[in-house]
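In order, the protein sequences belong to chains A and B. According to this note's numbering, the residues represented by the first sequence are 1 to 228, in order. According to this note's numbering, the residues represented by the second sequence are 1001 to 1125, in order.
These are computed hints drawn from the structure, not numbers from a lab. Just so you know, even glycine gets a beta-carbon here, dropped at the ideal spot from N, CA and C. Certain hints may be false.
Stated by the list, open to error - Ranges of calculated distance between the beta carbons of each label pair, as one might list FRET restraints:
no., chain 1, residue 1, chain 2, residue 2, range
1, A, D39, B, G1113, 43 to 49 angstroms
2, B, S1061, A, G22, 43 to 49 angstroms
3, A, G22, B, I1091, 27 to 33 angstroms
4, A, F61, B, L1010, 39 to 45 angstroms
To be verified - If you want the ones that stay clear, here's a sample from chain A, every Cβ over 10 angstroms from chain B, calculated:
no., residue
5, E29
6, G102
7, C146
8, E153
9, K157
10, I159
11, H180
12, T194
13, I206
Stated by the list, open to error - So the derived list for chain A, only partly shown, Cβ under 10 angstroms to chain B, looks like this:
no., residue
14, T28
15, R59
16, A80
17, Q130
18, L141
19, L144
20, G164
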Amino acid sequence: MRSIISILLLAFIAWGIVTVIGEIPFGTEKSRVGGHYVDQGREETGASNIVTSVVLNYRGFDTLGEVTVLFVAAIGLGAALATRRKKEKREIEPASLVLYTGCRFLFPLILLFGGYIFIHGHLTPGGGFQGGAIVASAFILVYLGCRGRRISETVSKTIESLGGLVFVVVGLVGLAVGGHYFLLNFLPKGELNTLFSAGIIPILYIAIGFKVGSELAGVIDHLMEESE
Amino acid sequence: MVFSQVIHFLQNHIYYIGAFGLIFIGLLIILVKHNLIKVIIGLSILETGVNLFLIAVGYISNGTAPIFSNPSVETQRMVDPVPQALVLTAIVIGVAVLALALSLAIRLYQHYGILDLRQIREQKW
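Whenever a hint applies, use it, and build me the whole structure from the sequences.
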């Protein structure tokens, strides 16, 4: 009965949507604001990756909100799982030598790759969110491969808070210097396609990279603690 | 006649249809399945469909990624960067929301000892 009602409801919604998306052309330019960002983005922000300039310059305030959503979700996960009393330390079977050595060898390389991704966010496809996810994947490797090693919760919380603080402080400095709006790009734009260009964008992306990486690592820590 | 119209519609909108197909698969799983883990998997599929739809709306025929990796790249054939920027953050937030949902499922399992939504009174519909 329930599935019949659900399928009927979805068929009704699908009929409505099919009649509407028939009107949306595929593959044509639909918004002029996107064209403006592509045409003027390099001069206005100095970043050669236009997606980055949209994320951190034109819509930087949005990104602050999205980072806050991520923060609240991580806090909510901690709150949902932390009400339980701490279990006593259980003995964990250690990993084999090959697995242990392999993951110790790979861990710094994955961290380096994540760092490369978020430092070059304004030049290549990538950025703070992707780099942070790669950094967190290094911690998954440690949690699965080298059982028994854990990240310190204090360190991860400190890095996370510092990342958020750098974002807000840089935005407020832009407000104080320019006087027009939050997250004004007040540093010199530099030469296009070089590492030290695009003003505040690399600083913000490095802050976001650390913040996302430590937040997702904290999420992994909470979930793995639950499974032990 | 009707058949060729349908083919024409499919040719022009196949990406939208794929994205909405994923959205409907996700919604159907959320509505029909009883296991909470399967409902969360449905939520994840639904989110993938929404992201694909946003990217498909921003696509421009034969467009390249909006990145000026070398000076010879021209601005005429570039896809819309705004949906890409939105989806970029939406993916990471989706991971966090998925983790939050899983943590709530863990708490529910610890409390009731079961993940079947038909047998949990507060979750029944």
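Hints versus structure:
At about 60 angstroms, the beta-carbon gap between D39 (chain A) and G1113 (chain B) misses the expected band of 43 to 49 angstroms. Our hint of 43 to 49 angstroms for S1061 (chain B) and G22 (chain A) is violated, since their Cβ atoms are close to 18 angstroms apart. The supplied range of 27 to 33 angstroms is met by G22 (chain A) and I1091 (chain B), whose beta-carbon atoms lie about 28 angstroms from each other. Checked against the hint of 39 to 45 angstroms, the C-beta distance between F61 (chain A) and L1010 (chain B) comes to roughly 40 angstroms, which is consistent with it.
Look at E29 (chain A): its CB is around 6 angstroms from the nearest CB on chain B, not clear of 10 angstroms, so calling it non-interface is violated. The beta carbon of G102 (chain A) is kept farther than 10 angstroms from every beta carbon of chain B, the shortest such distance being approximately 25 angstroms. Annotated as non-interface, C146 (chain A) keeps its C-beta farther than 10 angstroms from every C-beta of chain B; the closest such distance is 22 angstroms. E153 (chain A), annotated as away from the interface, keeps every beta carbon of chain B farther than 10 angstroms; the closest lies near 16 angstroms.
Its beta-carbon lying about 16 angstroms from the closest one in chain B, K157 (chain A) satisfies the requirement of being farther than 10 angstroms from that chain. With 10 angstroms as the threshold on Cβ separation, the claim that I159 (chain A) sits away from chain B holds: the shortest Cβ distance comes to roughly 17 angstroms. Every C-beta of chain B lies more than 10 angstroms from that of H180 (chain A), the closest at about 22 angstroms, which supports listing it as non-interface. Consistency note on T194 (chain A): stated as away from chain B, and its beta-carbon is indeed over 10 angstroms from all of that chain's, at 12 angstroms minimum.
The beta carbon of I206 (chain A) is kept farther than 10 angstroms from every beta carbon of chain B, the shortest such distance being approximately 16 angstroms. Evaluation of the T28 (chain A) hint against chain B yields a held restraint, the C-beta minimum of about 7 angstroms falling below 10 angstroms. About 6 angstroms separates the beta-carbon of R59 (chain A) from the nearest beta-carbon of chain B, less than 10 angstroms, and the hint is met. The beta carbon of A80 (chain A) comes within 4 angstroms of a beta carbon in chain B, closer than 10 angstroms, and the hint placing it at the interface holds.
With a least beta-carbon distance of about 8 angstroms to chain B, the hint placing Q130 (chain A) at the interface is held under the 10 angstroms criterion. Proximity of L141 (chain A) to chain B is violated relative to the hint, the smallest CB-CB distance being about 17 angstroms (cut-off 10 angstroms). Against a cut-off of 10 angstroms between C-beta atoms, the interface hint on L144 (chain A) is violated, since the closest Cβ of chain B lies about 16 angstroms away. Taking 10 angstroms as the C-beta contact cut-off toward chain B, the hint placing G164 (chain A) at the interface is violated, the least distance being around 14 angstroms.
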